[in-house]
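Asker: Protein chains in written order, with the UniProt record's numbering: chain A, 1 to 296; chain B, 1 to 296; chain C, 1 to 296; chain D, 1 to 296.
Bear in mind the hints are in silico, worked out from the structure with no lab data behind them. All C-beta atoms, glycine included, are put in the ideal place defined by N, C-alpha and C. One or more of the hints may lead you astray.
Just the calculated beta-carbon pair ranges, DEER-fashion [as the list claims (entries may be wrong)]:
#, chain 1, residue 1, chain 2, residue 2, range
1, B, Ser116, D, Ala228, 39 to 47 Å
2, A, Ser39, B, Met286, 53 to 61 Å
3, A, Asp59, B, Ser116, 54 to 62 Å
4, D, Gln100, C, Asp268, 38 to 46 Å
5, B, Met286, D, Gly266, 48 to 56 Å
6, D, Pro278, C, Arg284, 20 to 28 Å
7, A, Arg88, B, Gly40, 31 to 39 Å
8, D, Gly230, A, Asp59, 51 to 59 Å
9, B, Arg284, C, Gln118, 46 to 54 Å
10, A, Asn89, B, Ser116, 24 to 32 Å
Below, simulated DSS-like cross-link-like pairs (lysine-lysine); rule was C-alpha separation at most 27 Å, straight line [claimed, not checked]:
#, chain 1, residue 1, chain 2, residue 2
11, D, Lys158, D, Lys178
12, A, Lys289, D, Lys7
13, D, Lys5, C, Lys114
14, C, Lys178, A, Lys114
15, A, Lys178, D, Lys178
16, B, Lys5, B, Lys70
Number of protein chains: 4
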Amino acid sequence: MSEQKFKGIIAYPITPFHPVEGGIDVGMLSQSIERLVGSGVHAIAPLGSTGESAYLSDDEWDRAAEASIKQVARRVPVVVGISDLTTRNAIRRAKFAEAQGADAVMVLPISYWKLSEQEIFEHYAAIGKAVGIPIMVYNNPATSGIDMSPLLISRLVKEIDAVTMVKESTGDIQRMHKLHQLSNGEIPFYNGSNPLALEAFVAGAAGWCTAAPNLIPTLTIDLYNAVATGELDRARRLFYRQLPVLEFILKGGLPTTIKAGLQLDGLDVGIPRAPLAPLAQEEREMLTKLLQEARR
Amino acid sequence: MSEQKFKGIIAYPITPFHPVEGGIDVGMLSQSIERLVGSGVHAIAPLGSTGESAYLSDDEWDRAAEASIKQVARRVPVVVGISDLTTRNAIRRAKFAEAQGADAVMVLPISYWKLSEQEIFEHYAAIGKAVGIPIMVYNNPATSGIDMSPLLISRLVKEIDAVTMVKESTGDIQRMHKLHQLSNGEIPFYNGSNPLALEAFVAGAAGWCTAAPNLIPTLTIDLYNAVATGELDRARRLFYRQLPVLEFILKGGLPTTIKAGLQLDGLDVGIPRAPLAPLAQEEREMLTKLLQEARR
Amino acid sequence: MSEQKFKGIIAYPITPFHPVEGGIDVGMLSQSIERLVGSGVHAIAPLGSTGESAYLSDDEWDRAAEASIKQVARRVPVVVGISDLTTRNAIRRAKFAEAQGADAVMVLPISYWKLSEQEIFEHYAAIGKAVGIPIMVYNNPATSGIDMSPLLISRLVKEIDAVTMVKESTGDIQRMHKLHQLSNGEIPFYNGSNPLALEAFVAGAAGWCTAAPNLIPTLTIDLYNAVATGELDRARRLFYRQLPVLEFILKGGLPTTIKAGLQLDGLDVGIPRAPLAPLAQEEREMLTKLLQEARR
Amino acid sequence: MSEQKFKGIIAYPITPFHPVEGGIDVGMLSQSIERLVGSGVHAIAPLGSTGESAYLSDDEWDRAAEASIKQVARRVPVVVGISDLTTRNAIRRAKFAEAQGADAVMVLPISYWKLSEQEIFEHYAAIGKAVGIPIMVYNNPATSGIDMSPLLISRLVKEIDAVTMVKESTGDIQRMHKLHQLSNGEIPFYNGSNPLALEAFVAGAAGWCTAAPNLIPTLTIDLYNAVATGELDRARRLFYRQLPVLEFILKGGLPTTIKAGLQLDGLDVGIPRAPLAPLAQEEREMLTKLLQEARR
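Whole structure, please, built from the sequences with the hints as guidance.
Answerer: Structure representation (structure tokens):
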């Protein structure tokens, strides 16, 4: 695990839209990514759930991928999120990301009709065959409707060369234990569940994929460092201090809450795309309060 | 309920793809719709789950909608399925369907980020404002990731003029009881769960939205008629006779199993779009057997 | 199914306790059973969930069983509920019920530690070996913590001679379909879920096991008769008329709500045993209103 | 938390039965408790789930409580498990345990009929009023059928004087986070989910209630010490080393697997009470192998 390119805090940018015409605001996108890179996070993961990639047209998606990779400019690694209902468009996007200079792709299979394990396998195998960069398997049943067992995930890693990393977002620590056991600790796994940040690192996670650095970058980085240096009491204190923010952004929906939080910080990133609604006034006040307490 | 335009058996067509280039096979689409209309079903519902609408590009979707409505040619009513993650594209599609001559649209909200009840309401309200044809609320958490309570659904019907019908696909008969109670029996509800066909009619459903007529049209129509004329024993026998087929097509995924069944009947409609896989050989044999037993 | 001893409305009595000393009030128990028999129900099922059998000591249980069977005095069949965590005490109770003259026992396996299918099988086999009267398998995971699949249930019926009937209380109509399919309609099944009363009869249930006859006996019997004579519209009207009462007694807990309802009718049957609390005043008023509307 | 009487490894004994007459084997019970105390665990918790207390008659329960407390002889603290469907018998048992010298009682409310939050509160309040020793609230929906939210639990601690500790066995680490947040870290909580042992300590658990010390006492105590001294890498290694045993005993049922394991170690503690079956031969071999690997 020590040679992993991706480790530590892997941050998700949001995707800002123009208030009037509704298209992607590339200038603001670059600005918000610059802010993340400057905060010291260890990698950037554009076009994930937080980036509303599911709500973008193909053209928009391409523009966002291109602009994000260009802005990071190889200062930290970039893993681009790929989630599309059809295998052919997932391949198209993965190849586009690779061509733009992505270091890896994070592939989330999406369900309308439930997929069999073999259908999921073929989906990953087809993408793996099409690209020359590593693939991170991404399991997030809450958004994708597909739940991949640790056994299936370890099979993907073992049988498809391009698949080398796993992101687990179920929030179930036992899934991480099982991935550890199934690979004798060899499969690098990443935590995608914010309220599990402390325990996932303790269980051996190589990194934490999170939108929280948009609002509280230092706390997330400090937590990672405290566990890495074995300062358990400090890690616990840091975790409980940021937990209310982590729970709030998860519960309110990441695009909704992170965009609201960035605006509270003076970055005018607009609102999420309908049917997603902007954060209600009462909840903006709650977020203001939670951020003050965490940052104090 | 007696004046409803939509009642009885509302049939879903599949969407055939060209075996080589992969695009929509409009000729075969028209042929499969003609077969359904000719079988005596009471309405046609193109671009539903069975029609793989979630796996189509916008251009493909438009072509399929246009061709389907044209083929039906007003011989029976047409309700076009609208399911898109963004409100603006859902509106675009609904308006397109109306312009092509659809009698109604069946709107399924789709989740990536979970939607609040108010976000769902605004989604329907925006579509209702944009079109002049009736909207059928469609609840199907298994595919859409969104579960609308009977209370929310009845609010949609009461507060949005265009929303006049409800399709319930949870398979939970209590949802239908609740819709009945919340509206004193006034909201017309349609059953979208095949294995609930008998009981939903008994509980008062105005219709059954189903892909089964592609394979066993007479049995589905006979069941509807038997309940309508109060022949309960006959209805029960008809139901248990077709139940193995209904369970099989549901479990195997409707596009997968219906396309396989149509090919068994000599209609070369191809296979579903990847990552969906065609029906395995062993299951094709099972389907052959089940169809023989049901049709005997 | 036509030769079944048990069919139609199978009514559960409550178990009244003395207000002061807390023991069983046998006089009131007999009175409440007499009321049920007099109302015209087709069978009596003492010491079920409604009878708080889980909250009785062994001595109390024996007294209640004896008094109940004696009061019915063979005017209608009696099926006595047997639910005990240990096999040996379940056998003891079943033998006691048989000795007192029970026509059958209704056996609910109970979970503290989850039971394997084989452990459940052995439990039934041991009881079946010990008694000479028929056993009704009772599946009710909500109270017992054990969910028996239709496949396991049909195995119990096929392989254990004494097991001849099934009571399904999951409220899932598909379970009943499956029991029908697994036995070619030969296994007599009974519905134990009040809000499924109409559809279970339509699907072929031989009877409805219910506490509702304590409060609305005529409506339950009329519903059974309407389905039996194929009067579907009448059956649907009768069902929707009593549904609010059925939902209320289920949601509030049967011992709690039925005892409150009997007291509203002038029968002083006391309150359930702690930790179960009596029905709150606000809910008693709701029940009064619901009963008035159903009985109007 | 530092002044807690109960901390570290709190071990559950099993309850051995005579092979022939079936009653409690008090000599063997004492011997197995002596083995636990001698292994260095920090406290003993008789008559928990592992002790099959749910399957004992009142007389048997009393004998087991008396013998267990006597055998420990105040060398370590004793917390006696109290789980009874009725409040009055729960009180009787709690008072008996106190009279015999128990240091605390661990109270698990049990469901047949679901309890409201107020009914659960009254159950605890009544027991709290009856005894003079501290009460540990025990939440274990998998066995008890009742799931108490962190909010309800914190209310029990705040409003009932005798309630001072919490045992959480859902295996959901977020429950522990919430208990921490609701009490500013003041409520001592104990982990009852074996596969969560590492993370629960990291999240701040005061102790781990477990049957594992019957088989691998040193590993459990070492894990506790490693976390306490901040040796995170060592703790992780110790955890993953014992995890296969922890998962096995949980999945197979604690009385079943622990009794089998003790017999493998030469202690003839018999088998669990029917309907629970003894561990199958194949699984005994698996357990032998897992124990060898953990102890190597």
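Asker: For every hint, state whether the structure bears it out.
Answerer: So, going through the hints one by one against the coordinates:
A C-beta distance of roughly 44 Å is found between Ser116 of chain B and Ala228 of chain D, which places it inside the suggested range of 39 to 47 Å. Between Ser39 of chain A and Met286 of chain B the C-beta distance comes to about 57 Å, which sits within the given range of 53 to 61 Å. Asp59 of chain A and Ser116 of chain B have their C-beta atoms about 29 Å apart, which leaves the hinted 54 to 62 Å range violated. Roughly 40 Å separates the CB atoms of Gln100 of chain D and Asp268 of chain C, a value that falls within the hinted 38 to 46 Å.
Separated by about 53 Å at the C-beta atoms, Met286 of chain B and Gly266 of chain D satisfy the suggested range of 48 to 56 Å. Distance hint check: the CB atoms of Pro278 of chain D and Arg284 of chain C are about 50 Å apart, inconsistent with the given range 20 to 28 Å. Range check, Arg88 of chain A to Gly40 of chain B: Cβ separation about 37 Å, and the 31 to 39 Å hint holds. At roughly 52 Å, the beta carbons of Gly230 of chain D and Asp59 of chain A sit within the given window of 51 to 59 Å.
Judged by the Cβ atoms, the range 46 to 54 Å given for Arg284 of chain B and Gln118 of chain C is violated: they are separated by roughly 35 Å. The beta-carbon spacing between Asn89 of chain A and Ser116 of chain B, approximately 29 Å, falls within the hinted interval of 24 to 32 Å. A distance of roughly 15 Å separates the Cα atoms of Lys158 of chain D and Lys178 of chain D; the hinted pair therefore holds under the 27 Å criterion. A distance of roughly 35 Å separates the Cα atoms of Lys289 of chain A and Lys7 of chain D; the hinted pair therefore is violated under the 27 Å criterion.
Restraint check for Lys5 of chain D and Lys114 of chain C: not satisfied, since their Cα atoms lie roughly 32 Å apart, outside the 27 Å limit. The suggested pairing of Lys178 of chain C with Lys114 of chain A holds, with an alpha-carbon distance near 23 Å, which does not exceed 27 Å. The suggested pairing of Lys178 of chain A with Lys178 of chain D holds, with an alpha-carbon distance near 25 Å, which does not exceed 27 Å. The hinted pair formed by Lys5 of chain B and Lys70 of chain B meets the criterion: a straight-line CA distance of about 19 Å does not exceed 27 Å.
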